[in-house]
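One line per chain: the protein sequences are A and B, in this order. In terms of our numbering, the first sequence has 177 at position 177, counting the first letter as 1, and numbering is strictly consecutive. In terms of our numbering, the second sequence has 135 at position 135, counting the first letter as 1, and numbering is strictly consecutive.
Worth flagging that the hints you see were computed from the coordinates, not collected in a lab. Do not rely on the hints blindly, as some may be mistaken.
Since the list gives no way to pick out one identical chain from another, each pair is judged satisfied if it fits inside one copy or across any two copies.
In silico SDA-like cross-links for lysine to any residue, where the CA-CA straight-line distance does not exceed 25 Å [said to hold, decoys possible]:
| # | residue 1 | residue 2 |
| --- | --- | --- |
| 1 | Lys142 | Pro20 |
| 2 | Lys142 | Ser60 |
| 3 | Lys142 | Gly170 |
| 4 | Lys142 | Ser248 |
| 5 | Lys142 | Pro187 |
| 6 | Lys142 | Asn177 |
| 7 | Lys142 | Ile59 |
| 8 | Lys142 | Ala215 |
| 9 | Lys142 | Asp219 |
| 10 | Lys142 | Pro246 |
| 11 | Lys142 | Leu182 |
| 12 | Lys142 | Ile233 |
| 13 | Lys142 | Arg50 |
| 14 | Lys142 | Ala229 |
| 15 | Lys142 | Glu57 |
| 16 | Lys142 | Thr156 |
| 17 | Lys142 | Pro201 |
Number of protein chains: 2
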Amino acid sequence: MSGRLVVVGLGPGNPDQITPEARGAVGEATDLFGYGPYVERVELGAHQTRYASDNREEISRASAALEMAASGRHVAVVSGGDAGVFAMAAAVCEAIEHGPQAWRGIDVSVVPGVTAMLAVAARIGAPLGHDFCAMSLSDNLKPWDVIEARLRAVATAGFVIALYNPISRGRPWQLGNAFEILREILPATTPVVFGRAVGRPDERIAVMPVGEADATLADMATCVIIGSAETRIIERDGLPPLVYSPRSAGMLSR
Amino acid sequence: MSGRLVVVGLGPGNPDQITPEARGAVGEATDLFGYGPYVERVELGAHQTRYASDNREEISRASAALEMAASGRHVAVVSGGDAGVFAMAAAVCEAIEHGPQAWRGIDVSVVPGVTAMLAVAARIGAPLGHDFCAMSLSDNLKPWDVIEARLRAVATAGFVIALYNPISRGRPWQLGNAFEILREILPATTPVVFGRAVGRPDERIAVMPVGEADATLADMATCVIIGSAETRIIERDGLPPLVYSPRSAGMLSR
Numbered sequence: 001m002s003g004r005l006v007v008v009g010l011g012p013g014n015p016d017q018i019t020p021e022a023r024g025a026v027g028e029a030t031d032l033f034g035y036g037p038y039v040e041r042v043e044l045g046a047h048q049t050r051y052a053s054d055n056r057e058e059i060s061r062a063s064a065a066l067e068m069a070a071s072g073r074h075v076a077v078v079s080g081g082d083a084g085v086f087a088m089a090a091a092v093c094e095a096i097e098h099g100p101q102a103w104r105g106i107d108v109s110v111v112p113g114v115t116a117m118l119a120v121a122a123r124i125g126a127p128l129g130h131d132f133c134a135m136s137l138s139d140n141l142k143p144w145d146v147i148e149a150r151l152r153a154v155a156t157a158g159f160v161i162a163l164y165n166p167i168s169r170g171r172p173w174q175l176g177n178a179f180e181i182l183r184e185i186l187p188a189t190t191p192v193v194f195g196r197a198v199g200r201p202d203e204r205i206a207v208m209p210v211g212e213a214d215a216t217l218a219d220m221a222t223c224v225i226i227g228s229a230e231t232r233i234i235e236r237d238g239l240p241p242l243v244y245s246p247r248s249a250g251m252l253s254r
Numbered sequence: 001m002s003g004r005l006v007v008v009g010l011g012p013g014n015p016d017q018i019t020p021e022a023r024g025a026v027g028e029a030t031d032l033f034g035y036g037p038y039v040e041r042v043e044l045g046a047h048q049t050r051y052a053s054d055n056r057e058e059i060s061r062a063s064a065a066l067e068m069a070a071s072g073r074h075v076a077v078v079s080g081g082d083a084g085v086f087a088m089a090a091a092v093c094e095a096i097e098h099g100p101q102a103w104r105g106i107d108v109s110v111v112p113g114v115t116a117m118l119a120v121a122a123r124i125g126a127p128l129g130h131d132f133c134a135m136s137l138s139d140n141l142k143p144w145d146v147i148e149a150r151l152r153a154v155a156t157a158g159f160v161i162a163l164y165n166p167i168s169r170g171r172p173w174q175l176g177n178a179f180e181i182l183r184e185i186l187p188a189t190t191p192v193v194f195g196r197a198v199g200r201p202d203e204r205i206a207v208m209p210v211g212e213a214d215a216t217l218a219d220m221a222t223c224v225i226i227g228s229a230e231t232r233i234i235e236r237d238g239l240p241p242l243v244y245s246p247r248s249a250g251m252l253s254r
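All chains should be modelled from the sequences, with the hints used to inform the complete structure.
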């Protein structure tokens, strides 16, 4: 007997940014798996059990959830933001590919959500208004030289860059190093947006030129958006500036 | 006297994917501006007026909305998906930058939403599970050689690519040309996902290798996701395949 597993994105943290579809999918599940702070955002019904785990245990969490679904339960795996962006949907797929054949028979679905970079961008204007990319700065699962080559490729080609997982206790130097690389390629005035815990009570937004970008302003709850050479800042009297990337952006090297 | 303007993302089309924040922002506005099919998704209250326009009139729509906000009204500009991704938030910022000084005094905000690529990705697994980029394939506002150079840069560097605005009546050859370019760089087996009108009654999803990718399967309502060399397909008996990009993706050229 095979149950169901749904991977759900709960948005960046503001309860008003959880879609009705995500709320419904969580409400219907019997068992909820997730990284502690995410799974604790959910109010439990009487029929529901919560299984919180550490954020570095994605594959073992996915496997435990799949095993429970295979036994006939209705399992939800919750992520912050969107479940498919540097989050649990890929870990669940990976566990299925390398797991027992029976897991391929589980009814798996994914419910999308508002991912962090969209919420950060909305707070400051429209920095993702033209071609952009999303990169994880974590070198736990890929070598740093791959990250460096990717940063160079997209900055040179004129993409705005959203950095996820910019910094952590175990990865203290990577973001500063990324800024060094980007300063070689981008004009020093290129705007950088630090968006921390957007939509939550401890939200903090900062904008500064890449020439002065300070990696210590970021923490694990921060998404960093680095503009392209064409990203603009509109200063406004008595109001915060607007940062946006024009729809007609060209290429840096032109 | 200066009013308010909010740019709102209504999600990909499934009403269950509209956030409560977006629904609330639209409900509070006195005047709604948008491309016809988007603004018509909104049920009007007795106090509300709708101004629908053509989809190629973004700047004039933004200017009309700003002018009305400047007169003291509470205006909402609605977009499909997320308002900041190839949508109205950038057009509004652009109009403010080049418009009358008074527009800089308007209380402008942006409400994020689920953008198309996230909804398409969720339907098929987790193709955006690792580093990815989002590009508009429209050469109305940037030259084709910029688009071509960007495609080459990101495919070579190992990014998954989400293409917005892949095709239209006035731009019939660009997507086929993009596939030709990508076939020079990516293995022929690299998965391509066509996601059309996801979450709506006329939804259609297709997966095929880039070697066989057929541009005529796309239309204006389609978001096309092209995997990296590491994107995987999990075949399942009696269930649709899962497409995902592993969290540990490396680089094509390694």
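Which hints, by number, does the structure contradict? Hints 1, 13, 17 are the ones this structure does not satisfy, whereas the remaining hints hold.
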